[in-house]
Each structure stands twice: as C-alpha cells, then as structure tokens.
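Peer 1: Listed below, chain by chain, are the residues.
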Amino acid sequence: MNNMMEVQNLSFTYNGAPAPSLKGISLPVEKNKVTALIGPSGCGKSTLLRGMNRIHDLYPGHVYEGAIQLLNSDGETYTDILSLNKEAEMIKLRQRVGMIFQKPTPFPMTILENIAYGLKLSGVKKRTDVEEIVEKSLRDAALWNEVKDRLNDDARGLSGGQQQRLCIARAIALKPEVILFDEPTSALDPISTLAIEEMISVLRETYSICIVTHNMQQAARISDYTGFMYLGEMIEFDKTDTIFMKPSVKQTEDYISGRFG
Amino acid sequence: MRLLMNRLFLMFSTLAALVGLFFLGWILYTLCAKGLAGLSLHVFTHDLIEGGLRNVIVGQIMMSAVATLIGIPVGIMAGIYLQEYGGNSKLTEFIRDLSDVMMSAPSIVVGTFVYAIVVIPTGHTSGWAGVLALFILMVPIIVRTTDDMLKLVPVELREAGIAIGASKYHVTMNIVIRYAKAGILTGVLLAFARVVGETAPLLYTSGSSEFWSTDLTDTFPSLTVSIYNLATMPDEEMVQLGWTGAFLLTAMVLVVNLIGRYASNEKRR
Chain A
1 MNNMMEVQNL SFTYNGAPAP SLKGISLPVE KNKVTALIGP SGCGKSTLLR
51 GMNRIHDLYP GHVYEGAIQL LNSDGETYTD ILSLNKEAEM IKLRQRVGMI
101 FQKPTPFPMT ILENIAYGLK LSGVKKRTDV EEIVEKSLRD AALWNEVKDR
151 LNDDARGLSG GQQQRLCIAR AIALKPEVIL FDEPTSALDP ISTLAIEEMI
201 SVLRETYSIC IVTHNMQQAA RISDYTGFMY LGEMIEFDKT DTIFMKPSVK
251 QTEDYISGRF G
Chain B
1001 MRLLMNRLFL MFSTLAALVG LFFLGWILYT LCAKGLAGLS LHVFTHDLIE
1051 GGLRNVIVGQ IMMSAVATLI GIPVGIMAGI YLQEYGGNSK LTEFIRDLSD
1101 VMMSAPSIVV GTFVYAIVVI PTGHTSGWAG VLALFILMVP IIVRTTDDML
1151 KLVPVELREA GIAIGASKYH VTMNIVIRYA KAGILTGVLL AFARVVGETA
1201 PLLYTSGSSE FWSTDLTDTF PSLTVSIYNL ATMPDEEMVQ LGWTGAFLLT
1251 AMVLVVNLIG RYASNEKRR
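These protein sequences, in sequence, are chains A and B.
Just so we're aligned: 36 in the numbering used here is position 36 of the first sequence, and the numbers increase by one with no gaps anywhere.
Just so we're aligned: 1051 in the numbering used here is position 51 of the second sequence, and the numbers increase by one with no gaps anywhere.
The shape of chain A in the complex, shown without the other chains:
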C-alpha cells in the first residue's frame, strides 16, 4: 500500500462534550503527497489533525473511537496509534509525526538551540552531528542564508515568517515521516505565505504532508488530495482537481463556489 497514514472510522469526543466532534472519519494520507483538509470553521478539521499525532492527549479525558494506522518502518505493516498509551511511545510517535501550528511558536532559546533541543531529546548528542543537522534543516526550510550569522541570537527576534520557517526546520530536523500543518500561514503576510507554500511543495518529496487550511486557493495550489469536512463529517475526499473541478457532492460544490461557509 502507498498510504503513510490511514484514519479509519474515527470518532472523537472532547472531554465532557455531549456530542462527538468527529463522526466516523476515514481518510488516507498518501506517501510523499500533500493532503489538504478544508471546511468552514468548527467543522473538525483541526480536531482531526490534532488526533493524528495525539496532541489532544496533552489534556486528559478525550475519547477516541476507531483507528489511526501509521505505516511502520518495514513499509508493510501498520500500527494503530490510538493503541499507544505509554509516554515513551507517545514521544516516539511525535518524533515520527511532526506538527506546525497556526501561530509561530519559537522556544525561548537561541535559533540554534531551538532546533538542537528536539535533537538532543531524541538522542543526538554529538556536537558535530547536531550542527550538521541544524544547518541542513535550516537550508531545507529556506532560512539558512538569513540566519547563519546569528544562530546564537534569541529566536523570538525573527520576523513572523522566519519564525514559522524556524518551526518547520525544527520539525524536519527530527526526520519525521509525516508533517501535520495546522493553518500554517493564516498568521502570515502574503510573501511569507508564498515562501511556506513553496517549501511545502519541496518537502513533499521527502515527507508525507497533511495540511489544514482556511484558504481554498491554498489547498488548490499545493495539495494532491483534498478532504472537505462539515460538522464533524468527511463529506467528500478525492484528488484535489476532482474536488475543485467536478465535486460529486452538492455540499462540496456549494462550499467551493462560496455559497456557504
């Protein structure tokens, strides 16, 4: 199979909520492809994304049902990440499935330390190794030329777009297999947005990507597959061209053409 991840009949209920926020979602994340999730606010697309690395579990009491399969390193068998519960397994999962957030989140450290921090936690200790990976990650995130002379400055001094690219560099330094983007450009200006979009199309060659976006044009520009969600359900999932050119569900067509949402 060619799927890096497979969400199978997933339902998710927030702690104490009377009704589930996700209802029977199924969705593949194909290897080395970009999968976009679109839909109006509150449709559950971020909730779904945050289930895929189980960041929800930072807060107790949420209920998952169904399965989220992640391809093992043998390339054949899958593990249901919902069956993980030890902290060590969760840490390993998050090293394999990285995440970029809506707001840039530089740690209160230097630029170098921001990237080295995750590496050190994952067991890369040798200084030359760390420096090598830091440089490669910054190059891949198209940030190296801008920051190579000030690696020891506080990362919070960078611009918003640079901070977001730093967060991407930080995530890819861990060599994840999947990267989840949660509206990564909604806090950025158009030029920074373009830079991130270009980067995503390059990153696709190495990683499998799932991106939540409010911006339909963005989904159309950068993704291979698109899922349209509404009220916690996956209304339609198909190749991006199909979704945007000739969707098979009326609701999708209405949303794409701006008639609601």
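Quick caveat, the hints were computed from the structure, so don't treat them as lab data.
Glycine residues also receive a C-beta, built at the ideal position from the N, C-alpha and C atoms.
Treat each hint with caution, since some may be false.
Computed list of lysine-lysine pairs in DSS-like fashion (alpha-carbon distance at most 30 Å, straight line) [claimed, not checked]:
(1) A/Lys136 / A/Lys23
(2) B/Lys1151 / A/Lys103
(3) A/Lys148 / A/Lys136
(4) A/Lys86 / B/Lys1151
Residues from chain A that keep clear of chain B, each with C-beta distances beyond 10 Å, as calculated [claimed, not checked]:
(5) Asn2
(6) Tyr14
(7) Pro28
(8) Asp74
(9) Glu205
Since chain A is already given, all that's left is putting chain B on it; use the hints.
Peer 2: Frame of chain A; chain B shown alone:
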C-alpha cells in the same frame, strides 16, 4: 455646570494626590535628615554593642536570604504544580485561595505562630525561628507570582514542545519556566523585599542580639527589631542609631524593589 464639576473633580483628585505625596515626602525627608546625620563608616564596621549596626544588618540579610533560598524551590515548585499539573481540581483551587489568604495574613500572627511552635518548645529565640517566620510570609507570594507568570505562557508553546517529542517534564523545565523566567525572578525579588523589612514576625522569634553572630540556632541579630528597641531607648545616641538603621533599611528595600521593577521591564521589552 459640567465644566465646573470637571474642574472641582480635578481639583480634589490633585489635592488628594498631593496629600499622599506630602506625607511620603515628609517621611523620606525625616528619614534622610535624621538618618544621614548618624551615618558614618563606624556604623558599618562595628557591632551594635560598640555603637555600630554591622551585626544586625548582616543578621537581617542572612535570615531573609536563608528564608529566600528555602522559599524559592518550595514556592516555584508549588506554582508549577498549580499551573502545570493541578488542572482545575478542587485541591488546586484550595491551594490557590489559601495562598491568597496567606499573602494578606498579618505578619504578627505568623510571628506568634512560630513563637508557639518553635520558640516555646526550644525554650529560646533563634535565627531559625526567624527564618521560618519569614519563609511562611514569602512562600505564598512566590507561589502566586509563579502561578500567574506561568499562566501567561501561551498554550501553543507547550503544545509545540510536546509536538517535537518532549515530555511534559522537559516542556515545563526547559520551555515554560524559561519563558516565564523574568517574571518569576521579579516575584522572588519582591518577596525578598517584602520580608527583609519585616519586624513583627521577628520580634519574638529571632529576637535581636547586640553581638556578632552567624549561628542561626541561637538568638540572632535583626536590624528591624533593633530599630524598634533603639527607638524606645532613653539615650539620645541610641535613638540616633535607630534613625540611621531605619534609613539604611529603607534604602535597602528601595534598591531591591527597583531591581525587581527593572527586571520586569526587561521582560516586557
């Protein structure tokens, strides 16, 4: 009419501000005038028994410093518990409310409490009893500042830490605390400034001594208690020394407060 009301209101509030400033200025003026008169090198090089203040200044700072050193880990860890691990449980709310109440507890009550549980059983006043009283006073301040400062750390930062495979412990220690560092430091300094000028909790816990001492197990020299004692002496010279002590204490508290404010301004920049 409206214009008149406006003028009247402005006049009254200016007047009120001036009254407050007037008394503050008066206090500072009296302190400086009377305190500076007795200020000389002799004050810093001799102990109380020889008409100096060396031992009581060192004693006061030492007790406050020891209380702070024990108070910092206890207070910060409690603050971390409240914000990072406690959630919204009843226990968390209870500790939070308790800290608030403790923060406004009259210091003489704390002094009496320590007198009852330490001084009476051991039979004598001691530096440790003073340290304990100051510790009880400052811990709630550190707990609440830490709690408040950690609350200001964006939740996205914690999630980002978790998302790169850090454990909750690592996120708290390496990211959250670091983000809130300046604010926590300010809280510690303000807590120190608060206790360094306290008299009531030391009055019958540490007592005060006229001799040089660094032995916390015995009655311990205290600047504030000495000021109180000196002020009630009939001897003119002793009263003068009390004024000098009061001036030095005020200067000390002022400096620590200013450092605290400076640190918190640094953070905002």
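Peer 1: Hint by hint, say whether it matches the structure.
Peer 2: Results of checking the hints against the structure:
1. Distance restraint check for A/Lys136 and A/Lys23: the Cα-Cα separation of roughly 41 Å exceeds the 30 Å cut-off, and the hinted pair is therefore not satisfied.
2. For the suggested pair B/Lys1151 and A/Lys103, the alpha carbons sit about 18 Å apart, so the restraint of at most 30 Å is met.
3. Straight-line distance between C-alpha atoms of A/Lys148 and A/Lys136 comes to about 11 Å, which keeps the hinted pair within the 30 Å bound.
4. Among the hinted pairs, A/Lys86 with B/Lys1151 is consistent with the structure: their alpha-carbon atoms are about 27 Å apart, no more than 30 Å.
5. Listed as outside the interface, A/Asn2 is consistent with that label: its C-beta sits roughly 26 Å from the nearest C-beta of chain B, beyond the 10 Å cut-off.
6. For A/Tyr14, the requirement that its beta carbon stay farther than 10 Å from each beta carbon of chain B is met, with the minimum near 15 Å.
7. The non-interface label for A/Pro28 is consistent with chain B: the shortest C-beta to C-beta separation is roughly 22 Å, beyond 10 Å.
8. For A/Asp74, the requirement that its beta carbon stay farther than 10 Å from each beta carbon of chain B is met, with the minimum near 21 Å.
9. Separation of A/Glu205 from chain B is adequate, the least Cβ-Cβ distance of about 22 Å exceeding the 10 Å criterion.
Hint violations for this structure: number 1 only, all remaining hints satisfied.
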